[in-house]
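**Q** Go ahead and model the full structure; you've got the sequences and the hints to work with.
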Amino acid sequence: MTKLTRADCAAMDTESPFAAHRAQFELPQSCIYMNGNSLGPLIRACRERAAATVAEEWGVGLIRSWNTAGWYDLPVRLGDKIARLIGAQASEVVVADSTSANVFKVAAAAAALRPGRRKIISEKGNFPTDLYVLDGVCRFMGETRELKTFDRHEIIDAIDDDTAVVVLTHVHYVTSEMFDMVAVTRAAHDNGALMVWDLSHSTGAVSVDLNGAHADFAVGCGYKYLNGGPGAPAFAFVAKRHLPQVRQPLSGWFGHANPFAFVDDFTPADGIRRLLCGTPPIIGASVLEAAVDIFADVDMVTVRQTSISLSELFLRLIEERCDGFGLSLVSPADADARGSHISLAHEQGYAIMQALIARGVIGDFRAPHFIRFGFTPLYLRHVDVWDAVEALRDIMETRAYASPAFTHRQAVT
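Residue numbers for the sequence shown follow my numbering, so the first one is 1 and each next one is one higher.
Quick caveat, the hints were computed from the structure, so don't treat them as lab data. Only a predicted model underlies this, so the values are computations on that prediction, with no experimental measurement involved. Incorrect hints may appear among the rest.
DSS-like mimics (lysine-lysine), calculated; alpha carbons at most 30 Å apart, straight line [unchecked claim]:
no., residue 1, residue 2
1, 124, 148
2, 81, 148
3, 81, 240
**A** Structure, rendered in structure tokens:
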């Protein structure tokens, strides 16, 4: 096979379906951003929406904006926009709180729908917050619940008639390995259990069809592939068939049937609003809405196909140009089995990533020795992948990563 050149990679971008979308992102000119799997970059419309929300809606409208600017309806309105990206119906998704809080809400609500069953099942090595929260759910519910974790290949066989809920992350945060959503959900249902999916590394990156898979609950993140900004609110999904029965444990006033009646007793709102808790984070949710609006004319199948093209190019270039440097592939080699990021392992992974960042190639590091690269076609091009791999090749060849400047670990990696 003939080795690729930079010109070959640039030619792959000539008919990009996302050229107009790329122009909407405010990325530094010297930056190749490959970390949308951790924090999406700034979209111009988000900056403008933040300014308008603060200066006009808050500054001028003041408290009237709960009605005049649509603040009260924002969590459900924005949830409906996210729903189309994850195969959900309108009024099945609401924007609220953080992913961690939403895992607690939906896992506890799901477990309550399966009284008499002890086990909540998850994956060993799942994103830690999910495991921490699920442990908290079990302690919150007392001796009637117990968290059990299994290796990925053991999970389907571990689901039995004592399983209340299965909680899994669709795309693994390190390896990028992707569960077969349909198969695992079916296995849960065949044993009478309910299924909760964490879509934090999926939404906005891969094609998801929650209703097609008959999923029961899901949660997801607003600041990764949805580009909602640091600390953007998260979302929760509840299948319509469960909404009349669902009672989540954080019964705050915005989840009340009539929050402005100010009565002492709690009556849950009809529909998905019952997943709300406290006052919504209006500024963050408004910025997230502007970010999600960029997907209005985006076909997720095309996003996925282009992401695979970018990541396959990356792997080919790593093989052609970085062989012999001790980098090993952690993610599945099969593109259909992984999400939209790729992880490589190296014993000097942290220093290597810091050296890359110093050259304007931004990925990230996960302990103990993994470096991650995200492939988000709304702003990343094939020629960017070439340039990133060339920077990596030079760093490895010259051992530039050995500089003491790159070995000191910062608080956030």
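**Q** Flag every earlier hint the structure violates by its number, smallest first.
**A** Failing hint: just 2.
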